[in-house]
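Peer 1: Residue-level listing of the chains:
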Amino acid sequence: VVMTQTPLSLSVGPGQPASISCKSSQPLLNSAGWTFLYWYVQKPGQSPQLLIYEVSRRFSGVPDRFSGSGSGTDFTLKISRVEAEDVGVYYCMQSTHLPTFGQGTRLEIK
Amino acid sequence: EVQLVESGGVVAQPGGSLRVSCAASGFNFDDRAMHWVRQAPGKGLEWVSLINWNGNRTYYADSVKGRFTISRDNSKNSLYLEMKSLRPEDSALYYCARGRGSEAWSFDYWGQGTLVTVSS
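In order, the protein sequence lines correspond to chains H and R. So for the first sequence, our numbering puts the first residue at 3; every next one is plus one. So for the second sequence, our numbering puts the first residue at -8; every next one is plus one.
The set of hints was computed from the structure by calculation and includes no laboratory data.
So, partial list: chain R residues that the calculated Cβ filter (under 7 angstroms) puts toward chain H:
id, residue
1, W96
2, D99
3, Q103
Note that the Cβ used here is the ideal one computed from N, Cα and C, for glycine as well.
Using the sequences and the accompanying hints, generate a full structural model.
Peer 2: The structure is reproduced here in structure tokens:
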């Protein structure tokens, strides 16, 4: 399953919203009704961290300015008000099929 | 606190073999599936392999199937990846990652990675 993210880079002013799109080449809804779509962020010099699991559930400790949505083949990560600490590369990943990642979206602060 | 510490990354020759390890702590290791994910220098993330909680089920990316073997020792809270017939394109930072459940195909916590370089 190919995961395609857009844009590949994003420059956003502090306090402004940001949105990243992720499209899968096959539907991610499985026969049991689950959609295994995840968002990770890799901050500079760090390992990836889980932000969102199963499309829209925030992982422990993730600020509520992060939200995930979508269904089928189209998914979105939104940051309501970008902060300096949000700089990094954001990856979507699906595990409905063998896990595959998007190419990553680099977020920088203007 | 969940901790995953990888080790064993070195410079290896094409066609050679190598084993990398991951020491886990801060959680019940034998309750969780474990994964290896790699990242070539300056590139994105690629899932490599999954092993379920008791080691009875293993899965591999097509790019490594038949060359890599994932295993675990629950008595030592340790995860391993045996790599054979290494290719230059296997050069990457290898992360171990904790599964979100005993059979989970997704992961939550990641280690810091161990660097494998395949070069003559």
